[in-house]
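Colleague: Single-letter residue listing:
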Amino acid sequence: MKATRDAYGEALVQLGERKDIVVLDADLSKSTKTATFAKVFPERFFNMGIAEANMMDTAAGLALSGKVPFASTFAVFAAGRAFDQVRNTICYPGLNVKIAATHAGITVGEDGGSHQAIEDISLMRTLPNMTVIVPADAIEAEQAVKKAAEINGPVYIRLGRSGVPVVHPEDYDFRIGKGNLLADGTDVTIVATGIMVAEALEAKKILEQEGISAAVVNIATIKPIDKELLVSMAGKTGAMVTAEEHSIIGGLGSAVAEVLSEEYPVPLKRVGVKDVFGRSGKPKELLEYYGLTAKNIAIAAKEVLSKKRG
Amino acid sequence: MVEKDLALEDKAKVLRKHIVKMIGEAGSGHPGGSLSVIDIVTALYFEVMKVNPDDPKWPDRDRFILSKGHAAPALYAALAEKGFFPVEDLLGLRQVDSHLQGHPDLKKTPGVEVSTGSLGHGLAVANGMALAGKLDKSTYRVYVVLGDGELQEGSVWEAAMASAHYKLDNLVAILDYNGLQIDGPVEEVMDLGDVGLKWQAFGWHVISIDGHDFEQILNAFKEAETIKDRPTMIVAHTVKGKGVSFMEHGVEWHGTAPNEDQVKKALDELA
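Just so you know, the sequences run in chain order A and B.
Each residue of the first sequence is one higher than the one before, counting from 27 in my numbering.
Each residue of the second sequence is one higher than the one before, counting from 7 in my numbering.
The following block holds chain B by itself, in its conformation from the complex (with noise of 0.2 Å):
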């Protein structure tokens, strides 16, 4: 078992900080479910990942992708943090002399491994990354987080199909079960019906966490290490806005920047 990592606590409240600063500034994005995943991405970049932010294309890296690409200021933040490119360049989000796009663009930014943004994509990507680990005898890892309103789009269950097909057991799904999307609460929305279960008869193992409990997120890909011949998907259960008390459970917060007094309320709070 995993003990309380307070370091990875205290980093995660540093990339909060980033996530609400930087969309502050942007003015627009997605703070809500960049605060909800922003556990899950600490403890990967900071602890789970081996990847080399000198040596950004190793072949033999462990690999991220963000299909809710909308909470790229998570991403952004944990890139930053770990030295793909200058934490200054945050606060450039979405502007147009930027290399940080509203949504990840592999192109433009260091350590970006997909361009997401547009739903329901991700998943069939790392199925792709993960066979060829497995054509190359890698042992690097893919690790890919999906949204709960994501699993709505019905290339998800695709591509969840594929992964339990050809048994990629070198694939973690993690997904930001946060409960609430744009137009409202998911089960309002379109009742996802029981998750766990759902990935369970796709042939998934299939692991539910408290998504911002780090002992148990760690736990949780150290478990998903031991499973053989079939992919994870821990399903992180989470808080949309997490850390921001006046962000958390509000739907508003899907896409809404924090305005000047926001931020500053916010930051006092993850002070």
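Pulled out of the complex, with its shape left as it was, chain A reads as follows (with noise of 0.2 Å):
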């Protein structure tokens, strides 16, 4: 068990070797794991006190004068107060700025609802030239990192506060833009994103035990999306569950939905919070609480089955 966040501080040290990597924070560098960086590589390091919106946009100066910032903190702020930033300033203009959001989802846990971002990949992945990532472990997270610092454009990391488990091999290859089969199945496919892909992999133990053969995709890449993968498991097993830990709105979901109903219409199921906002709790009852478990994911699966066409 390691969380996104940790591989996602390791990793910006690592990328620090590159002079023109610069890192800003909003006062939760210790939080979103900047505070190595910064320890590393101070000169180079900005903390732009508790005000978001001049994290952004002092990170699109950066960009417009030659410098790669990764600018963190926690979901939340990053997609919400700091949107106008991100939209008019540093997508508008397409502009080579990374925005490390941390502590998205629930399993923010005890701090409740104000601080769990459940509507960030909707927010972000509406953005013209924007490249939502949401890394599943902590293998692809690091990996993400570093992919994010080789392309050209802003791109929107969503990663966690708590420990996820390893489902990625270590010699796995990230590829942004491409989705990966995890487990193959004809019966029906699960496509999870961030830390629902271990519970997708959990889920499909719980259904080949009834006899369902489910496959597993994990999108990391929210946008752009990999059409081709998911057009081709419709195709294959005429169902499909989304599973996310984000709203039900604009998310994984609704990015599937999208695809499915103008390329492969099949029946499909969304698991992810349903239009409400968060609360207090530890992180594993939260789960169970807004109903994100392999559990939920299995009885979507058999739902959307009853569904499909013959």
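Hints are supplied without guarantee of correctness; some may be wrong.
The calculated BS3-like cross-link candidates involving lysine-lysine, where the alpha carbons are at most 30 Å apart (straight line), are [claimed, not checked]: (1) 140(B) x 65(A); (2) 45(A) x 234(B); (3) 172(A) x 56(B); (4) 56(B) x 45(A); (5) 65(A) x 143(B); (6) 45(A) x 63(B); (7) 173(B) x 63(B); (8) 56(B) x 143(B); (9) 56(B) x 23(B); (10) 56(B) x 173(B); (11) 65(A) x 56(B); (12) 249(A) x 113(B); (13) 45(A) x 23(B); (14) 172(A) x 234(B).
Covered by chain B, per the in silico footprint, the following chain A stretches (three or more residues, Cβ under 8 Å) [unchecked claim]: (15) 63-72; (16) 87-101; (17) 118-129.
No lab work stands behind these hints: they were computed from the structure.
Backbone N, C-alpha and C define an ideal beta-carbon position, used for all residues, glycine too.
Need the complex rebuilt from these two chains, each delivered in its own frame; the hints are there to steer you.
Modeller: Below, the structure written as structure tokens:
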């Protein structure tokens, strides 16, 4: 178990060998894990205080001057509070700013609904020029951070607070825009992102015991989404379930629905936060409370199977 | 001290004519704030800043950010006259096939450094550029023009704090203090209080000038260069619609284009 934010902090320090990498934070460097970079490369770390909007625009200015800035804060502030900065000053001109937002989703836990971003994927993927990546584990997070630094343009990387199981092998090769078929199946495809990928793999086991063969796809890049893989899996299994630690409105479920309805309509069920805000609790308790578990994914899979046309 | 610069006054007059003509042709736009800021923009582009139209991305160039992006015609007029693009392009302002957007767009227009339009962004972007300049030990300076109504945006003050915190003495902000915003006089819509004192309290070196007096404008920029470890704010007292009698002090000219007769009358006055 390792949190994706920890992998981010480590990847940043490795990236720091590149002199054009600069890091900004808004008084959360210990939590977002940029503090390690700050210690190793203090001259290239800028604490902008509790002023997320200011941080995003400053990052834009640094990008316009040839730097590759990583700006970090909690997802709820990065995507919400600083939205106008991200929209108008970063995405509109397509600037090379990387937003690494931690503490996304309900697994923030005890801090409660005010701090649990359940709409950030939705907000970020609606912006032209933006790439949106949601790593499933520490291995993918490290690679996503490094790959984000290699492309020119704005990237939103969604990271979590809590530890998540490792689902990828050490030699995994993450590619932006490419989904990953983690386990094949014939009856239904579970498309998951972020921490729900591990739950999807568990759901596959549950379904297997009931004689249902489920494929599991990790969509780490929500935008641009891997249409080809989604359409091919829809064709192969004829039914789909999405799973995300995010509102069912506007996130992975919506993105998949958009692709399927236009390219290859099959029955679809979305597992996610059902248009409500979060609350305080332990991360595991909250996942149960909001129905974001392997069990819920398995139930959704069975429901969607019943709608499958013969 | 800098002597009265007639060449700059003549240049500003040419730019004023461009502003009136292009907004008239477009049928929409913001003449009042473009005319109030044009003397400052003229001084920067034709005297103060090191820029090269043949190499717009020259790394050591000085940077200009029009944070009050609605005064885009002022910036476009200066860029065209400076040679960043043909003067004829100006009449395409706001047209679908033109690179001259209603608000500055760095992707479309040569010489535009930052895309602006949503208020309250420019100063923080300027901070980023000034920080990069310090990191790279470059000598370039960053100039950013803010509107007075724009100071009502809280993000301006976040940025003001950061410029002082990082001791950005390679940064100069200019306030186009024309006293009018869309809904009326600034002090009636949302009183700014003592603007100079506010910036001082935020750790800035503050210079107060008449924003239409080139001697004062140039001296302020010279003074700013001597200030170390602090950013400089030049509070430029200006007149909205300056140079066109029927537009001066008129809040209705914030975002209204002159009609054909009004364009002609304005151009006659500026002749």
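Colleague: Each of the hints needs a verdict: does it hold here or not?
Modeller: Quick rundown of the hints versus the structure:
Restraint check for residue 140(B) and residue 65(A): satisfied, since their Cα atoms lie roughly 19 Å apart, inside the 30 Å limit. Under the criterion of a C-alpha separation no larger than 30 Å, the hint pairing residue 45(A) with residue 234(B) is consistent with the structure, at around 26 Å. Simply put, residue 172(A) and residue 56(B) have alpha-carbon atoms about 36 Å apart, too far for the 30 Å limit, and the pair is violated. The hinted pair formed by residue 56(B) and residue 45(A) meets the criterion: a straight-line CA distance of about 26 Å does not exceed 30 Å.
For the hint linking residue 65(A) to residue 143(B), the alpha-carbon distance of about 22 Å falls within 30 Å, and the restraint holds. Taking the CA atoms of residue 45(A) and residue 63(B), the gap is near 20 Å; set against the 30 Å cutoff, the hint holds. Proposed proximity of residue 173(B) and residue 63(B) is supported: the alpha carbons are some 25 Å apart, at most 30 Å. Pair hint residue 56(B) plus residue 143(B) holds up; C-alpha atoms about 17 Å apart against a cutoff of 30 Å.
Simply put, residue 56(B) and residue 23(B) have alpha-carbon atoms about 25 Å apart, close enough for the 30 Å limit, and the pair holds. Taking the CA atoms of residue 56(B) and residue 173(B), the gap is near 22 Å; set against the 30 Å cutoff, the hint holds. Between residue 65(A) and residue 56(B) the alpha-carbon distance is near 36 Å, which puts this suggested pair outside the 30 Å criterion. At roughly 22 Å between alpha-carbon atoms, residue 249(A) and residue 113(B) fall within 30 Å of each other, so this suggested pair holds.
Restraint check: the Cα-Cα separation between residue 45(A) and residue 23(B) comes to about 46 Å, which exceeds 30 Å; the hinted pair is violated. Only pairs whose Cα atoms come within 30 Å are accepted, and residue 172(A) paired with residue 234(B) is rejected, the gap being roughly 38 Å. Beta-carbon proximity to chain B at under 8 Å applies to 3 residues in the stretch 63-72 of chain A; the threshold of 3 is reached and the given coverage holds. Coverage of the stretch 87-101 of chain A by chain B holds in this model, with 8 residues showing a Cβ closer than 8 Å to a Cβ of that chain against a need of three.
With 3 residues bearing a CB less than 8 Å from a CB of chain B, the stretch 118-129 of chain A meets the requirement of three and the coverage assertion stands.
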